[in-house]
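Line by line, the protein sequences are chains F and U.
All letters in the first sequence, in the order written, are residues 1 to 415 by the working numbering.
All letters in the second sequence, in the order written, are residues 416 to 772 by the working numbering.
Treat the hints as calculated values from the structure; they're not laboratory data.
Every residue, glycine too, gets a C-beta built ideally from N, C-alpha and C.
Be careful, since some hints might not be right.
Coverage of chain U stretches by chain F, computed from C-beta distances (three or more under 8 Å per stretch; other residues unrestricted) [claimed, not checked]:
1) 615-621
2) 702-708
Examples of chain F residues toward chain U, derived with CB under 10 Å [what the hints assert, rightly or not]:
3) 39
4) 44
5) 48
6) 51
7) 79
8) 88
9) 95
10) 106
11) 110
12) 118
13) 130
14) 171
15) 184
16) 299
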Amino acid sequence: MMGFFKYSVAAAIAGIVALSVAPPAGAAQPLKLGVCYDLSKAYTFATPQVSQAAQDLVALTNLKGGIGGAPIEVIVQDHGNEPQRGIECYEKLKREGVFIFDTLSTPVSIAMLPRVMQDKNILIQALVGRGDAVDGGVFGWVFPLGPTYWGQVANNVAYLKQVHAGNLRGVKIGFVYLDYPFGQEPIPILQTLAKVEGFELKLYPVPLPGKDQTSVWTQVRRDQPDHIISWLLAGAHVVASKEMKRNGIPMDKYISVNWLNEVDIANIGAEAAKGLKRGTNVAGGQDIPVIQEIIAELYKKGKGSGPEKNLKDVYYNTGLAMYSMVLEGARQAAKLHGTPISSATMREGLQNIASYDAGGLMAPVTVTSSDHGGGGKTRIEMWDGEKWIPQTEWIAAYTDIIWEVVRKSSSNYHN
Amino acid sequence: MFYPLAGVRHQSYVSDSKLFPVPTDRNLLIVLTVAAIAAPFLLSSLYLNSYVQPWLIWTALALGLNLATGWAGQLHLGYAATMAVGAYAAVHAARFGIPWEFALLIGGLAASLIGSLFAFAALRVKGLYLAIVTLAMQFVMDWVLNHSPAISGGSHASLQSPRFALLGQEIASGRGLYYVALGWCALVTVFMMNLQRTALGRALVAVREKDYAAAILGVNSFYYKLIAFSMCSFIGGIGGALLVATFFFLAAPEQFSVNVSIQVLAMIIVGGLGSIIGTYFGVALILLMPGIANEIIANLTSFLGLPLGNETLAHIPTTVYGALIIIFLLVEPLGLGKLYANIRDYFLVWPFDQFKK
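Work out the full structure, taking the sequences as your base and the hints as a guide.
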């Protein structure tokens, strides 16, 4: 026992010594990405896949010589979804030369925002955080790089309009959502669109954590909406599917937010989930050049950053999409101003991403200095029992309505 | 030897109830105060503003909860709700143009008012029932924040706090914000130390030990419980406001959710109910340990070259942290404060206790 104790103390001291030993000075300064993720609490349904995707994509890029001759380094750290620890991660990595941060957590990205704006560092907040951050004129250093929930729900309505041959008058749409900011966010857009398009909107709040939805779905049965748009997460989809079955509501009425993956499908049952739809900004499946390349160059050679089964998860594709955009921004920055990349040149690089779809991985994205979201295109996919079948092209509908809401909301922000 | 007791004799009640009956304690505190004042010049800005400053703010907060739970014996599971009331009231007041000194006071008073209102209902019950009623206060507050954009502020509910200023002097530097936190924490600490030796403090303890026995002695237990709740909420309100004004720079509902309430309660239980020094230790363990454990484990695995996945790497520190709490509470169920007191008791008589054996 004593021996073990001595060994652990020695190991701890060795660890602290290792901390203080600086890495050997390389030829080119690496570009560091600070990945402060919640790997232990609320967001663990997606963070392992997304961070693994980031590491794999960076490993692949480094194999090809990095960006502008400089290697890229990913630093992953857990913040347990606590704003306090997210700030600790930010402050620590900032001093290690990181100026690109990603949190994949709404509470943490909100807590980091004032510091990022103050320090002029870049905050990537794809699919999380405040929606109005797509307004690059106000949030100059924040890059949501992807659709807002406002845009995503508007695209869902556009799809339904397509289904009903261009006329939503008299159609009843139910909105089932987790009753906190994530789920509440699309409501104003839905209410505006209900006025514009003349459909009837029914709201069904689901109390957190979404494990009990019995009363919600009996209400849905009473109202019999023609379509159900769902803003639920992870396990809550599975609960919803059970309640739908119990209440005799067919699965093909259900359109999920992008947060529904292969694990949820497996839990619902691949056969039972037939007809289920989801809005998404990335293509699902592995039939995508970059994923094939990652499998061939990394996983076949035993150099993957995690278990290979994670690659079959759509959140892996989501992570690849996010970091493809980040690396594309870095490429543009290197092209414009060379290396080493600074936060100012990185920002310019990100704002120069044009019609980029990472080889068919995601909706084409064009970032400008006023639109940090990249256009907000998504599409609807349907689960056919084995795979996802796209139902629409990549669309971005009602953009004027969405930007009105964005500008109204972002005008309240003063740095 | 370390705690010379020779010549320490008390001949009156006043001298017996001095703040520091043993001079060494006072000297120790002076050294610590000097160290705290010198800290900005000794520590890097990372440690100063990401570790020590939040530690002080949370210690002041935890001391407030310790007043209700540790001294008056009232279990409180809705402390984060009072912090939220204080924070939102103060930030709204400051945004309205009221100077921060008064905004903080408004935050404290608003929290105190709402805390006492709830206490009126909550104090009809005791023990676990009280815990559940205070938990209800937490959920009511969560609901109100999530459903009233007028309070929580627009998109994704985050309300920016104006730049912090005291006496017309804007405080934005890391050192300045640290001193604000230090000043508030010192104020609360001195208040709590003095509370112990007043009639009010003794009444609170009497209520904690047995409320109807206290009533027989002429201590109106309902009144003192109410006092405990309103004081606890006042400290919590100002603490919540300072947390937002000097650390987060914006208020969001997640900063005051139910797990924050549980966390503060964990701080005082691990630290020691009714112990001031213990609260400092408890906050350090609960607040800072996850980050530090993360750092040590990450360095250790990279040093030993262990190929661990991101997830495993994140879960090991959480496990270590949980194990530490269990070990500390197994070694000393009364918390870290008692652990410190044991060591102090040992040195009070050292080395002369050896003669007895």
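We went through each hint and held it up to the structure:
Note: the segment 615-621 of chain U has 0 residues with beta-carbon separation from chain F under 8 Å; the three-residue rule is not met and the coverage is violated. Counting residues of the segment 702-708 of chain U whose C-beta lies closer than 8 Å to any C-beta of chain F gives 3; at least three are required, and the coverage claim holds. A least Cβ separation of about 3 Å between residue 39 of chain F and chain U falls short of the 10 Å threshold, and the interface hint therefore holds. Because the closest C-beta pair between residue 44 of chain F and chain U is about 7 Å apart, less than 10 Å, the hint holds.
About 5 Å separates the beta-carbon of residue 48 of chain F from the nearest beta-carbon of chain U, less than 10 Å, and the hint is met. The beta carbon of residue 51 of chain F is positioned within 10 Å of a beta carbon in chain U (closest approach about 5 Å), and the interface hint is therefore held. Using the Cβ-Cβ criterion of 10 Å, the hint placing residue 79 of chain F at the interface with chain U is satisfied: the shortest such distance is roughly 9 Å. Because the smallest distance between the Cβ of residue 88 of chain F and any Cβ of chain U comes to about 5 Å, under 10 Å, the interface hint for this residue holds.
Interface hint status for residue 95 of chain F: upheld, as the beta-carbon distance to the closest one in chain U is roughly 6 Å, under 10 Å. Here the hint on residue 106 of chain F is kept, as its CB sits about 7 Å from the closest CB of chain U, short of 10 Å. Given hint, residue 110 of chain F at the interface with chain U, holds; its Cβ is 5 Å from that chain's nearest Cβ, closer than 10 Å. Because the beta carbon of residue 118 of chain F sits about 8 Å from the nearest beta carbon in chain U, less than 10 Å, this interface hint is met.
Because the smallest distance between the Cβ of residue 130 of chain F and any Cβ of chain U comes to about 4 Å, under 10 Å, the interface hint for this residue holds. A distance limit of 10 Å between C-beta atoms decides the matter here; for residue 171 of chain F the minimum to chain U is near 28 Å, and the interface restraint is violated. Of the supplied interface hints, the one on residue 184 of chain F holds, with its beta-carbon coming within about 7 Å of a beta-carbon of chain U, less than 10 Å. Given the 10 Å rule on beta carbons, the hint for residue 299 of chain F is violated: about 14 Å separates it from the nearest Cβ of chain U.
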